[in-house]
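**Q** Sequential numbering of the sequence shown, starting at 1, is according to full-length UniProt numbering.
Think of the hints as simulated: they come from the structure by calculation, not from any bench.
Hints should not be assumed to be uniformly reliable.
What the hints assert, rightly or not - In silico DSSO-like cross-links for lysine-lysine, where the CA-CA straight-line distance does not exceed 30 Å: (1) K288 - K167; (2) K244 - K217; (3) K256 - K305; (4) K305 - K282; (5) K243 - K261; (6) K282 - K271; (7) K256 - K243; (8) K282 - K253; (9) K242 - K256; (10) K67 - K92; (11) K380 - K363; (12) K175 - K217; (13) K256 - K244; (14) K159 - K217; (15) K200 - K297; (16) K271 - K261; (17) K158 - K183; (18) K256 - K280; (19) K183 - K195; (20) K253 - K242; (21) K217 - K167; (22) K200 - K167; (23) K175 - K200.
As the list claims (entries may be wrong) - Ranges between beta-carbon positions, derived for each pair: (24) W270 - K400: 33 to 43 Å; (25) A364 - R439: 14 to 24 Å; (26) R409 - A284: 16 to 26 Å; (27) E427 - A284: 53 to 63 Å; (28) A276 - V32: 17 to 27 Å; (29) P109 - K159: 41 to 51 Å; (30) R439 - A276: 25 to 35 Å; (31) L238 - P109: 34 to 44 Å; (32) K288 - R445: 48 to 58 Å; (33) L310 - K288: 52 to 62 Å; (34) R439 - N312: 21 to 31 Å.
Note that CB positions come from ideal geometry on N, CA and C, so glycine has one too.
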Amino acid sequence: MATSSNENINKRPRDDETIPVLIRFGIENRPVQYIYIHKNEFKIGRGLDNDEIIQNTCVSRSHCIFKKINDNEWTLTNLSSSPSGILVNDKKIEEPRILKAGDVIQLLPTPELTFTVKFGYSDESDSKMIKLMSNECLMDTVKQKQDSFSAHQDMEIKKMQEQIELKEQAQNLLKSRLNELIKNHEEVQGKFEEKNEEIKNLQNQIQAGNNQQNEIKTNLTNLLLRLDEERQQFEKTLTAEKKKWQDEVNMTKQEKEQLEKKMEQQMNLWKEQQLAALAKDKDALQLKLNQTENAFKEQQALAEKLQVSLQNQQVVMDSLAPIILVDNDGSEQTIEILETIDLTNDDDKNLSCNKEKKDKMTKAMDEQFTCSICSELFYKATTVNCSHTFCQYCINEWRKRSRECPICRTIVTSMNRALVLDNFIDEAVVNLSPADQERRNQLIRERYSPEKPVNLKNGRMKVAKRR
């Protein structure tokens with residue numbers, strides 16, 4: 001007997017029998033899960049001896065069991081010790097519960113362990129079963145629409161039948177009244193005329209009632225025909241919608257692949273555009289870096305050149321200084337003679353030499369250290385990116401009118417102070433005449449005073465000079 005019982009437990013359903021399938025629809029990006037009840041007794045739990053193992057600490061080792069009791073009837077029995085138990089359609093089961101298609105089973109009160117019961121044939125493959133479940137969802141919707149339509153038709157028919165029954169009751173009442181009046185007519189001869197008139201009225205009413213009854217029956221027949229036509233039209237519309245839905249489902253995969261391919265092409269195009277833009281920016285930055293390095297090297301060379309020129313100038317100025325040798329052991333007469341010789345013989349020669357040196361130095365400064373905008377010695381010398389140098393005030397005023405260099409017409413992108421050049425000019429100005437020094441100071445005051453006299457001529461800006 002034990003062997004026969006075990007064989008019955010492990011027996012699989014025939015190919016033509018339906019088996020229950022537990023479906024958990026996708027939640028929070030999780031795929032759809034299917035549990036096929038492929039044995040007459042199918043156990044679910046956390047233990048390894050179960051037919052379906054659920055790795056969840058809240059699930060009991062033997063949580064529940066599905067049993068087949070008839071050809072197409074299955075029951076669910078709770079085996080867990082959980083206080084929440086197992087819910088079927090939001091109701092806790094205390095004893096074996098017969099399952100129906102569409103029942104919602106909650107092994108635990110969580111979405112992950114909530115399943116919907118469907119029935120399918122055991123010989124169908126997984127792909128066919130999945131398609132069957134999807135089509136059944138659609139057919140459930142169609143069935144709901146059909147049930148609603150049928151209920152509306154039944155209500156209309158019932159309403160017409162109630163009207164016919166009311167008319168029949170009224171007709172029966174009138175007939176009963178007529179029979180009573182006929183009987184009374186035989187008994188009461190004195191009221192014959194009155195009763196006859198009443199009988200005539202009742203007969204007219206009965207005839208009218210019969211006419212209304214016939215009319216209602218005709219209306220009912222027409223209504224049934226119209227409802228039948230509407231039902232056929234409705235079923236035809238549902239069939240067309242179902243076919244359209246099936247076509248859309250078949251096109252979904254192809255459209256998804258096309259969309260993924262299009263997105264990949266757009267991403268590759270965007271990457272190429274970004275790489276091209278980065279390469280262009282890199283080239284522009286490299287060009288700017290090279291220009292800056294060249295300008296720096298030119299300024300450094302200019303500074304070295306100015307430093308050498310300054311040293312040479314200092315040597316010249318030292319050679320022009322009068323040298324008077326005085327012997328500490330000589331007499332006062334010797335000193336007076338030396339002084340007389342210096343004053344009479346060398347004075348004119350030294351003055352002529354100093355004047356010549358100063359003229360050369362002034363000419364060299366006018367040629368090399370003069371601003372091209374104002375034609376004056378640089379004040380706060382500023383070198384732009386094309387290596388040309390101007391007064392800071394002059395180039396700032398010029399850039400208010402044009403962004404190009406006044407000499408080479410290159411776009412001005414950077415400006416740097418030439419401090420070595422400023423220091424050299426400041427030391428050289430000390431050796432100029434007091435009149436030249438005062439004229440330079442007056443020019444500086446005019447430039448940085450609230451009112452700045454400026455002359456514009458032929459597009460060139462030139463600060464007014466006073467000679």
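**Q** Does the beta carbon distance between K288 and R445 stay inside 48 to 58 Å, or does it fall outside?
**A** violated (38 Å)
**Q** Check the hint pairing K282 with K271 against an upper bound of 30 Å on the C-alpha distance.
**A** Distance of about 16 Å is within 30 Å: holds.
**Q** Against the 30 Å threshold, does the CA-CA distance of K380 and K363 hold or violate the hint?
**A** holds (20 Å)
**Q** Hey, K175 versus K217, does the alpha-carbon distance stay inside 30 Å?
**A** holds (20 Å)
**Q** Are the Cα positions of K305 and K282 separated by 30 Å at most?
**A** Status violated; Cα separation ~34 Å.
**Q** Below or equal to 30 Å on CA atoms is what counts here, so check K175 against K200.
**A** Satisfied, since the Cα-Cα distance of roughly 12 Å is no more than 30 Å.
**Q** Confirm or reject the claim that P109 and K159 have a C-beta distance inside 41 to 51 Å.
**A** holds (45 Å)
**Q** Going straight from one Cα to the other, do K282 and K253 come out at no more than 30 Å?
**A** Since the Cα atoms of K282 and K253 sit roughly 43 Å apart, the hinted pair is violated (cutoff 30 Å).
**Q** Okay, R439 versus N312 on CB: inside 21 to 31 Å?
**A** Check passed, 26 Å falls within 21 to 31 Å.
**Q** Holds or violated: are the alpha carbons of K217 and K167 at most 30 Å from each other?
**A** holds (11 Å)
**Q** Lying within 33 to 43 Å: is that true of the beta-carbon distance W270 to K400?
**A** holds (42 Å)
**Q** Measure nothing beyond the straight line between the CA atoms of K271 and K261; if it is 30 Å or shorter, mark the hint as holding.
**A** Between K271 and K261 the Cα gap is close to 15 Å, so the pair holds against 30 Å.
In terms of the numbered hints stated before, the structure departs from hints 1, 2, 3, 4, 8, 15, 17, 18, 27, 28, 30, 32, 33, listed from lowest to highest.
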